[in-house]
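Protein chains: 2
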Amino acid sequence: LSRNIKLTLAYDGSEFRGWQIQPGLATVQGILAEVIGRVSGQKVLPQGSGRTDAGVHALAQVATFKTESPIPVENFLKVLNDKLPPAIRVTAAEEVSEDFHARHSAKGKTYRYRIFRGTVCSPFLWRYVTHYPFPLNEEAVFRSAEYILGEHDFTSFAAVDPDRTLRDSGLQHQSKFQDDEVLNPKHATNIRTIYESVWEWDGEELIYLVRGNGFLHHMVRNLVGTFLLAGKGTIQPEDIKKILEARDRSAAGATAPANGLYLVSVEY
Amino acid sequence: LSRNIKLTLAYDGSEFRGWQIQPGLATVQGILAEVIGRVSGQKVLPQGSGRTDAGVHALAQVATFKTESPIPVENFLKVLNDKLPPAIRVTAAEEVSEDFHARHSAKGKTYRYRIFRGTVCSPFLWRYVTHYPFPLNEEAVFRSAEYILGEHDFTSFAAVDPDRTLRDSGLQHQSKFQDDEVLNPKHATNIRTIYESVWEWDGEELIYLVRGNGFLHHMVRNLVGTFLLAGKGTIQPEDIKKILEARDRSAAGATAPANGLYLVSVEY
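Protein chains in written order, with this note's numbering: chain X, 1 to 268; chain A, 1 to 268.
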């Protein structure tokens with residue numbers, strides 16, 4: 001009897017070459033597949049709610065896999081954590097209905113981006129924040145984030161991936177439109193809806209929180225890189241509207257570094 | 001004109017093979033020597049307040065070196081941080097009198113040890129705490145720490161290092177009694193004075209704070225390992241007295257893992 005298992009995962013992205021399995025590289029999906037295989041005695045490829053790139057962290061990534069193993073689901077958590085490296089933790093394991101799929105069933109996601117503004121970044125922090133000690137008009141950064149609320153075509157903030165389908169070869173679930181996540185088939189466009197997009201101070205850190213029904217590849221990092229342009233005065237906060245309308249990656253700012261980014265949660 | 005420079009350093013010990021310079025290995029002293037050499041154009045070996053072992057962290061290690069470089073001391077901080085790996089940060093740099101020496105001038109030190117008691121240890125935390133989720137009588141741990149206050153012979157808690165002098169070969173300042181620290185020549189014994197020795201809860205963590213005029217090699221980790229024996233009921237808290245009197249390493253508990261230990265500060 002096949003069961004469908006849902007795992008909630010936290011990981012330190014600085015230790016891995018991203019989520020997606022790649023031959024010969026330490027990836028979260030690859031290590032998880034190997035450990036589940038050893039534990040259950042069956043070869044499986046856990047499906048994530050979406051990819052995270054090398055260096056990107058997860059507080060609650062979700063992955064599903066089917067298994068015929070008789071291991072009680074509550075034991076999966078303990079057994080997997082015993083065998084996984086300490087930089088990947090299973091924080092919850094539950095049996096879900098057969099039709100639940102980590103990616104296809106997802107209705108929304110929340111990401112966080114951390115920017116450390118102090119002069120000297122702690123040696124215990126540098127893996128987990130982006131250090132940006134340079135002058136910045138924080139108010140302009142804060143205001144620029146408001147313009148992405150609602151439904152927009154985010155082509156200007158999407159990675160230009162000519163090898164997008166190539167990267168999907170191998171064991172990964174095939175999808176012509178595979179990007180960071182394709183929440184459901186009707187998302188075969190670059191239109192996404194953003195429910196929340198807000199910056200706040202936390203001590204010496206600027207924290208960006210964004211929640212939406214889906215995100216294109218590099219979208220959060222490209223948004224952050226563009227908000228920083230507003231903070232530097234290169235653009236005005238309201239220019240975000242024009243950048244969205246341009247539907248052109250070159251209209252927006254640079255991709256902010258991976259190590260400040262966290263997948264916070266996935267909504268179903 | 002030679003100047004004496006005092007650096008205050010923070011580092012993530014999980015990235016290095018300890019403080020002491022060793023050929024072909026990434027050590028804090030070795031990397032610092034290399035970077036100071038590049039910046040100042042002079043070969044120097046910075047002297048630390050004492051060694052930290054592989055995996056042990058520092059919040060405020062102190063190191064001194066002499067230089068004829070004309071670089072203003074306030075620029076040293078910035079230039080060194082530009083060239084050091086992010087896991088080592090210079091948090092302060094100042095010119096001190098010629099006779100000040102990071103190790104010989106030290107009058108005391110404070111260490112902290114962190115034990116995470118939760119079931120699942122965050123992937124962002126494992127490098128920085130010791131995960132001990134097993135049953136423990138915390139009150140017994142707390143009480144056992146009180147018995148080391150004052151002046152004692154800590155032979156039972158000192159590493160047995162037959163190769164102690166061998167490890168001092170090379171560039172390191174020679175000392176027959178070199179251990180974690182030899183604060184001044186009269187410390188050529190295993191007698192040390194402990195001013196503060198206290199455990200407290202911090203969320204899901206047990207935090208041990210110990211301050212003394214000096215610490216032998218592995219002393220804090222051996223103390224923690226022995227306090228845990230009291231927590232497990234293997235010994236009674238008051239047995240610490242007998243273990244001190246035994247002056248025998250085998251009377252005490254195992255060496256607790258390095259990654260929970262922090263050199264917090266050095267007093268001069």
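Note that these hints are calculated values from the structure, not bench results.
Be aware that one or more of the hints could be misleading.
Any copy, or any two copies together, can satisfy a pair, since identical chains are not distinguished.
For lysine-lysine, the following BS3-like pairs were computed, each having C-alpha atoms within a straight-line distance of at most 27 Å [what the hints assert, rightly or not]: (1) LYS43 / LYS83; (2) LYS242 / LYS83; (3) LYS66 / LYS43; (4) LYS83 / LYS241; (5) LYS242 / LYS43; (6) LYS241 / LYS107; (7) LYS241 / LYS66; (8) LYS66 / LYS83; (9) LYS241 / LYS43; (10) LYS43 / LYS232; (11) LYS83 / LYS232; (12) LYS232 / LYS107; (13) LYS107 / LYS83; (14) LYS242 / LYS78; (15) LYS66 / LYS242; (16) LYS232 / LYS78; (17) LYS107 / LYS66; (18) LYS43 / LYS78.
Hints versus structure:
no.	hint	verdict
1	LYS43 / LYS83	within (16 Å within a copy, 46 Å between copies)
2	LYS242 / LYS83	neither (50 Å within a copy, 40 Å between copies)
3	LYS66 / LYS43	within (10 Å within a copy, 61 Å between copies)
4	LYS83 / LYS241	neither (48 Å within a copy, 40 Å between copies)
5	LYS242 / LYS43	neither (48 Å within a copy, 56 Å between copies)
6	LYS241 / LYS107	within (25 Å within a copy, 61 Å between copies)
7	LYS241 / LYS66	neither (44 Å within a copy, 57 Å between copies)
8	LYS66 / LYS83	within (19 Å within a copy, 49 Å between copies)
9	LYS241 / LYS43	neither (47 Å within a copy, 56 Å between copies)
10	LYS43 / LYS232	neither (50 Å within a copy, 41 Å between copies)
11	LYS83 / LYS232	between (46 Å within a copy, 26 Å between copies)
12	LYS232 / LYS107	neither (34 Å within a copy, 47 Å between copies)
13	LYS107 / LYS83	neither (31 Å within a copy, 45 Å between copies)
14	LYS242 / LYS78	neither (50 Å within a copy, 39 Å between copies)
15	LYS66 / LYS242	neither (45 Å within a copy, 57 Å between copies)
16	LYS232 / LYS78	between (48 Å within a copy, 23 Å between copies)
17	LYS107 / LYS66	within (21 Å within a copy, 61 Å between copies)
18	LYS43 / LYS78	within (19 Å within a copy, 52 Å between copies)
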